[in-house]
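Asker: Using the sequences and the hints given, assemble the complete structure.
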Amino acid sequence: MQIRKKYSKKKHSANLIIGLVITSIMLFLIILGFFYTPYDPTKMDSSAKLAAPSLSHLMGCDNFGRDIFSRVLKGMGNTFIIAFATVVIGVVSGVIIGAVTGYFGGWLDEVVMRINDVVFAFPSILLALVFISLFGTGKYNVVLALGIAFVPSFARIVRGEFIKYREMDYVKSARLAGVPHMRIIFVHILPNTMTVLLSSIMIGFNNAVLAEAGMSYLGIGVQPPDASLGSMLSEAQGYLFSAPNYAVFTGLMIILLVLGFSLLADGLKN
Amino acid sequence: MSDILLEVKNLNIEFHDHDAPEHIVRNINMTLKYGEILGIVGESGSGKSMTAMAIAGLLRRHDVTTSGEIIFDKKELLSAKRSELRKIQGNDIGVIFQEPMTSLNPTKRIGWQVEESLKIHKPEISKAERYELVIESLKNVELDNPELIYKKYPHELSGGMRQRVMIAAAMICAPKLLIADEPTTALDVTIQLQIVKLLQRLNREQKTSILFISHDLSLVKSICGRILVMHDGEVVEEGAADEIFNNPRQEYTRELINAIPKLEKPKP
Amino acid sequence: MDTENILEIDSLNVYYNKKQHVLKNISFSMKKGEILGLVGESGCGKTTLAKAILGMQRHYDGRISLDCLNPQMVFQDPYSSLNPSKKIGWILEEPMRMKKGKSRLSHTQRQEKVEEMLEKVGFDAKIKEHYPSELSGGQRQRIAIAAALLCDTDFLIADEPVSALDVTIQSQIIRLLLKLHKEMGLSILFISHDLRVVYQMCDRVMIMRGGVILEQGYVDDIYKNPQSSYTKLLLEAANIIDF
Amino acid sequence: MRYVFKKLATTLITLLCISFLVYLAFDIIPGDAALASLGTDATPERIKAVREELGLNRPFMERYVDWLINFVKGDFGISYKYNVPVSEMILSKLPINVVMAVTAFIIMAGVSVPVGIYSAKHKGKGVDRLIIVLNQVMMSVPHFFMGILITYIFGLIFKIFTPGGFVSYETDLGGFILYMIFPCIAIALPKIAMSVKLLRGSCIEEAGKDYVRTAYSKGNNTSKVLYRHVLRNAMLPVITLWGMTLADMIVGSIVIEQVFNIPGIGRILLTSISYRDYPVVEAIIVLIALVVIVTNFCVDIIYQIVDPRISAQKDILSK
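Residue numbers (this note's numbering), protein chains in the order written: chain A, 4 to 273; chain B, 274 to 541; chain C, 11 to 253; chain D, 2 to 320.
Because the hints were derived from the structure by calculation, they are not lab data. Here the structure is a predicted model, which is why all the values come from computation and not from measurement. Watch out, some of these pointers could steer you wrong.
To be verified - Here are the simulated distance ranges between beta carbons:
1) R233(D) to S16(A): 30 to 40 angstroms
2) V114(D) to H335(B): 21 to 31 angstroms
3) Y141(C) to I14(D): 42 to 52 angstroms
4) Y119(D) to F87(A): 31 to 41 angstroms
5) L61(A) to S146(C): 57 to 67 angstroms
6) N80(C) to K412(B): 32 to 42 angstroms
7) R233(D) to S431(B): 15 to 25 angstroms
8) P60(D) to P94(C): 48 to 58 angstroms
For glycine and all other residues, C-beta sits at the position ideal for the given N, C-alpha and C.
Answerer: So, in structure tokens, the structure goes:
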């Protein structure tokens, strides 16, 4: 037993370090992309159509002669903002719903959790599709759609934690000492759920990245001329034979973005 | 010499995952005769459970290093091959644990779990005979309606019943030694009494030797003939129960005895 | 209600889900400054009774009168009774932060009171900077007692406060509770399954089983002359008869 | 048995709720069937006439109940865009997606259980570490990119299949299977990684529990302990994951369709969304929801068979 604990700790801290390194590099690139790209990501250059990677074009050029690296930087920025906003919507509403239902229980909990189950049973992309078909495509609709789709999973996690903690004796003591419910929820219990919440936020972020990429790939996410890793991949697929670097580099960036956060989440769990 | 079932000589157990090796148990010597009940007493962290697990062969060999000898029924267990050890486990040595809640597999029926040792060690016994033996064994630990209990799952039984089931499972091959590692700690006092009486009866009727590990000195005194007091991985004192109680030679033993709440008001 | 009494309970019935009848017709009273023992095994309704007294039970009938504004409780499991993410000092200050208006204390006043209380339960003021996970079970239990007393209470329910501890630590906590009882005139409802501990702590005792109080009286009387067979069994189990 | 009925009842209620919500959602958005079918030459009078003809001015509940009854009968309405029954458009395509999802599921279950057990058994050794690393990476690959990679490697480099050259099962069953196996692998791979990781972790966690010590004390050897005791308990969280996975796989098949150019319901769904052809979208979504919820029901039942505690636990939770 003892040795296993030590071993896994070592393993996890390695996860944490690698995750931190990958995530910081990706975050650096994303922030860089907001202020500077080597080329104008929308500028077409017919002489450089499908150019192979070189020193002047690190990842080569796409079918319109646009610099792939610059577009990847912009695309990651878009993906990041969408995923971030999605997670914010999901976490804020999820925490409030989960905390209140988990802490108070009762019929409200029953009703809200039934609704939650229904939404949860629905794959998030499908829910987003319903949303998109009702309100149309576009960045903001994607955020809203995915955000709503993510609420139940966060609510579930937070609720579970609150049910665990509300039965703890220290919460009963706090009640007896006259601490009001809201203070118990936000000051006495919520900080204790942070480790669990943080790693599920990272997993949620990853799911949001993957979902956004999938929707943009299908052409119902970010609309051109805005760059997005998903829509770039769908374009790249047509040139898979002549310019595999287009698809490979774009895909690699999604993988690295997701991998960094999932390693971080894994490392944090311990 | 022939009346000695278990002899432990210079047993050392240490963890080797820390930078400095950490001794959990140092230089333990003990003997257990056929038909005897030996008690090991100590507070948490005294190494009493580790000693018991070493005797039962349940220490993971790559977690800890052991040295010394454990001679059980003329066989040396510490250096024995795993396959040799497995032939003894469940057949000659039965073990019951502290938590009857978690010591039974939650997804298997009681009957299946009780007859498991039989299937492993006596595969020649037919299914019908095995069923009879299990029912017999369940009756033997004073469970009512054994046929019903046979089909139940652990979560459908109370703590005391589960511990009885554990005893039935440990006793089904009629082992020579039963190791009881804090078997009553997780139970209510009246249930504790029943389990202790049951163990005494099994010892009397089936001549099974019992190694009884507990933190509760008064409980150990009421069931064991001889007592071993452990502290920080070492045997502090050994002797007949009454003698240790009335005439403790070591300071630690005296402390332990004094800590038992007396029927008098303490003076602050 | 008798002014001598701090707690009076008259024919109390408590139900779960309106169907399960957990406490049946409980009546007893407790004097000011008394330590009353409540003995029973798991599931007999001890904790339910404690919760009912503290107003945490929804479905009940009968009369509960408690002459204490802020009754407090000390729990069995020292590992869940302190907030794991907060320092000891913060935990102890929390009840005082809840005070409003005139009785509101400044930060330094709160610190003073905390330190005073820590001394009473035998700690150095340095412990304030520690987290609960750095303390042993016995130390946590002492902190939990200090936290309860910092609510300016004179009525404490101690729900199996020593059963999760090693024997040598048990006697420390018992002595501490007795000391506080004497110094502060605390009334304690002491819940336990251990008849020996109850004997050391209490003047009077109640034996409970299946939601019913089987007998109550002075400890010496009940131990020497138990009326119900269950009490006899308990005494036998605790090795008291042949002691 | 009571548990099964209770679950069945909640499943049916959930289905009703979803169908109601979907119908409501598509009913309250601006632009209805009358507008859609008339297109640009819509005048207020003509809209009114078409509305009456289509029964759109009846009360909402009445229309919903009608729609529901027809839906159960297999009549999903008429497509605004193509003016053909929706059922004709969907029902011939649905099997392709179901086959893809189910095959991917079988691949996932078949691969992840042995790999997960192997990994747990050889915890800390080289192969286990390799598996962990592979898992981490694989979980980060979106399945459509996995599809693109597979197309590139097996289609363009090794030329095992022709990218984009879908073969219908009606014309050539062998070709169909050969073509379909790749998209199925693309869907399955990330899920294999997830369930290997979960199974490995859960096996290791279970192996540290008290009942395992009891099993050893009876003289069981390691593999008996693993297969007779640990595995069943370790599978419980994996079963829950698999339940959610099947739903993901159906949605995954919709995306993967586009990668491999397979004519499934995904393409119909996408075009219908862009043309606002609501009866088609509605029908597909309700059908997928049906599959998802029925799967969940099955998972609950399987879970209850594997874990006898579950019905008792539910009672405790509801308290």
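Asker: Which hint numbers doesn't this structure obey?
Answerer: 6
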